[in-house]
Amino acid sequence: MATSTTTYDWRLALPLGGFLAVFFVAPLAVLFALSLQVDPKGTAYGVSQYTAFLGDAFSLGVLGTTLLLGLEVTALCLVLGFPVAHLYTRAGPRMRSLIMLIVLLPLLTSVVVRTFAWIVILGRQGIVNSTLLSLGLIATPLKLLYTQGGLVVALAQVQMPLMVLPLATAIGRIDPNLADASASLGSGRWRTFVKVTLPLALPGIIAGSMLTYAAAITAFITQSLVGGGQMLFMPMYLYQQASTLQNWPFAAAISIIFLVAVLAVVTVFNMLGRLSRGLTEA
Amino acid sequence: MRRDWEKISFDVVMGLVAVLTLVLLAAPTVVVIVVSFTSGFSLKFPPPGYSLRWYAELWDAWQLHFAAMNSFKVAARATGLSILMGTAAGLAIARSKALSARLLDSLFMSPLVLPALAFGLSALMFFSALGMPVSLTTLIIGHTVVCVPYVVRNTVAALAQLDPTLLECSASLGAGRIMTFRRITLPLIRPGILSGGFIAFMSSFDNVPVSLFLRDAATDMLPIRMWQDLEGKLDVTIAALSGVLIVATIALILVMERLTGLSRRLA
Chain W
1 MATSTTTYDW RLALPLGGFL AVFFVAPLAV LFALSLQVDP KGTAYGVSQY
51 TAFLGDAFSL GVLGTTLLLG LEVTALCLVL GFPVAHLYTR AGPRMRSLIM
101 LIVLLPLLTS VVVRTFAWIV ILGRQGIVNS TLLSLGLIAT PLKLLYTQGG
151 LVVALAQVQM PLMVLPLATA IGRIDPNLAD ASASLGSGRW RTFVKVTLPL
201 ALPGIIAGSM LTYAAAITAF ITQSLVGGGQ MLFMPMYLYQ QASTLQNWPF
251 AAAISIIFLV AVLAVVTVFN MLGRLSRGLT EA
Chain U
1 MRRDWEKISF DVVMGLVAVL TLVLLAAPTV VVIVVSFTSG FSLKFPPPGY
51 SLRWYAELWD AWQLHFAAMN SFKVAARATG LSILMGTAAG LAIARSKALS
101 ARLLDSLFMS PLVLPALAFG LSALMFFSAL GMPVSLTTLI IGHTVVCVPY
151 VVRNTVAALA QLDPTLLECS ASLGAGRIMT FRRITLPLIR PGILSGGFIA
201 FMSSFDNVPV SLFLRDAATD MLPIRMWQDL EGKLDVTIAA LSGVLIVATI
251 ALILVMERLT GLSRRLA
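In order, the protein sequence lines correspond to chains W and U.
Just so we're aligned, residue 1 is where the first sequence starts under the UniProt record's numbering, counting upward by one.
Just so we're aligned, residue 1 is where the second sequence starts under the UniProt record's numbering, counting upward by one.
Just so you know, not all the hints are guaranteed correct.
[What the hints assert, rightly or not] Think about it this way: if two alpha-carbon atoms lie no more than 27 angstroms apart in a straight line, the pair counts; the simulated DSS-like pairs of lysine-lysine are:
1. U:K233 with W:K143
2. W:K195 with U:K7
3. U:K233 with U:K44
4. U:K44 with W:K143
Hints in this document: simulated from the structure, not taken from any laboratory.
Make a model of the complete structure from these sequences and hints.
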């Protein structure tokens with residue numbers, strides 16, 4: 001009976017379990033049932049909403065650009081975030097808390113505020129344009145807002161903490177003796193980085209990429225404000241169909257397809273993560 | 001020679017990218033605060049002059065006050081519910097290795113993984129099927145679903161760091177389970193519960209995807225009001241509001257850092 005003093009009654013999980021069963025699982029079941037309605041009146045059931053989505057080049061294009069956007073944001077976060085995590089693990093205690101504060105600030109600031117800031121930076125009269133103009137590098141303001149490039153940078157800033165935190169944990173776990181050993185065997189910094197640090201940081205890279213990717217493709221507010229009306233991504237497509245067009249069965253089918261896409265990405269990253277942990281611990 | 005050049009080039013490249021990224025991370029916050037003090041009508045940077053006029057304007061913006069009040073009410077209640085149910089659930093699954101505990105853990109974490117917008121839509125359909133009109137209650141329920149994982153995760157993490165011998169000591173000294181919980185377990189895991197509750201509160205206050213479907217004109221929420229204002233016109237009042245929110249957030253982070261060592265828990 002030694003365990004009875006250190007574990008708690010499983011029935012303590014009942015309130016939350018019941019709450020989520022009623023208000024999370026049941027609504028998702030309703031969503032799925034609705035996606036199987038042939039028309040908004042619910043006269044017949046079938047997979048016509050799904051065939052409509054998958055047979056439509058426009059809808060598939062929206063899904064494709066959304067998945068591609070996630071890839072671009074994740075790649076940028078990785079390239080920019082790795083050096084920050086690297087610096088963090090080598091910095092002294094004061095520098096460390098400063099870096100952590102700067103990394104956490106975007107995570108804890110309201111998403112509308114962060115996004116709003118990018119409008120100010122990228123706008124026609126924004127910092128980038130006014131700096132370039134005053135330096136005489138350009139004659140007319142560049143269009144930065146409402147472009148894919150601007151959106152990727154804004155999303156990368158917003159999601160960066162999700163990449164840096166797992167990376168810092170993973171790099172912090174690497175035994176510093178390994179880098180010394182690599183150096184004493186004649187490898188330069190770059191070689192040591194590619195052959196030793198990067199492979200050992202793989203679990204952190206995968207965990208960070210999963211979080212960043214999932215957050216980037218579901219980031220409704222940033223997508224709509226910085227991306228503008230010209231680019232359509234899955235969250236906005238879903239919202240338009242549900243709210244503006246009141247086409248609930250189709251919106252439900254979009255939700256399910258989007259949900260499955262996100263789950264597939266998470267599952268793939270999880271599998272890669274397990275694989276990479278097996279490799280680094282072997 | 002080649003080794004030296006490698007060392008220098010590596011340190012310079014990594015250092016430069018790191019500094020550039022840190023500037024990129026901090027710049028938006030700094031820019032919003034500077035612009036909020038502009039004396040002009042536009043979001044020009046740098047501003048033509050400085051004044052407090054947009055903060056004065058904010059003082060009279062009753063629509064924003066109303067939305068902020070709603071957001072605060074919902075966040076406070078959703079956080080309360082999350083702490084009550086999430087802490088209990090965290091206790092139940094923390095040290096258990098049973099399959100049922102792992103399955104429950106996946107259930108409790110799944111609202112974090114699934115796109116919140118899809119959940120928002122499904123909640124709206126669910127409530128309308130039940131004949132429940134949207135209200136503060138439906139908002140609180142929806143927010144609790146997406147915020148409770150933070151409390152569960154932090155409670156489980158705090159319990160994992162709690163030395164079980166402390167509980168055994170307490171029991172062997174004659175304390176009952178309730179006594180041990182109140183005098184040993186709860187005080188030791190309180191920082192974990194508090195930081196989980198803090199993150200839950202912040203994410204509820206900032207939530208758009210769930211609120212978007214579960215609110216109406218009577219339950220206007222602050223982030224949505226701000227989003228709609230920004231889509232229509234670029235209003236400097238929003239910059240002043242953002243300034244207030246940033247300062248409040250930093251103040252809260254510093255308080256939570258003192259109380260719970262927040263940054264250690266997030267890293």
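Each hint, compared with the structure:
{"no.": "1", "hint": "U:K233 with W:K143", "verdict": "18 angstroms, holds"}
{"no.": "2", "hint": "W:K195 with U:K7", "verdict": "15 angstroms, holds"}
{"no.": "3", "hint": "U:K233 with U:K44", "verdict": "14 angstroms, holds"}
{"no.": "4", "hint": "U:K44 with W:K143", "verdict": "15 angstroms, holds"}
In the structure shown, no violation is registered for any of the earlier numbered hints.
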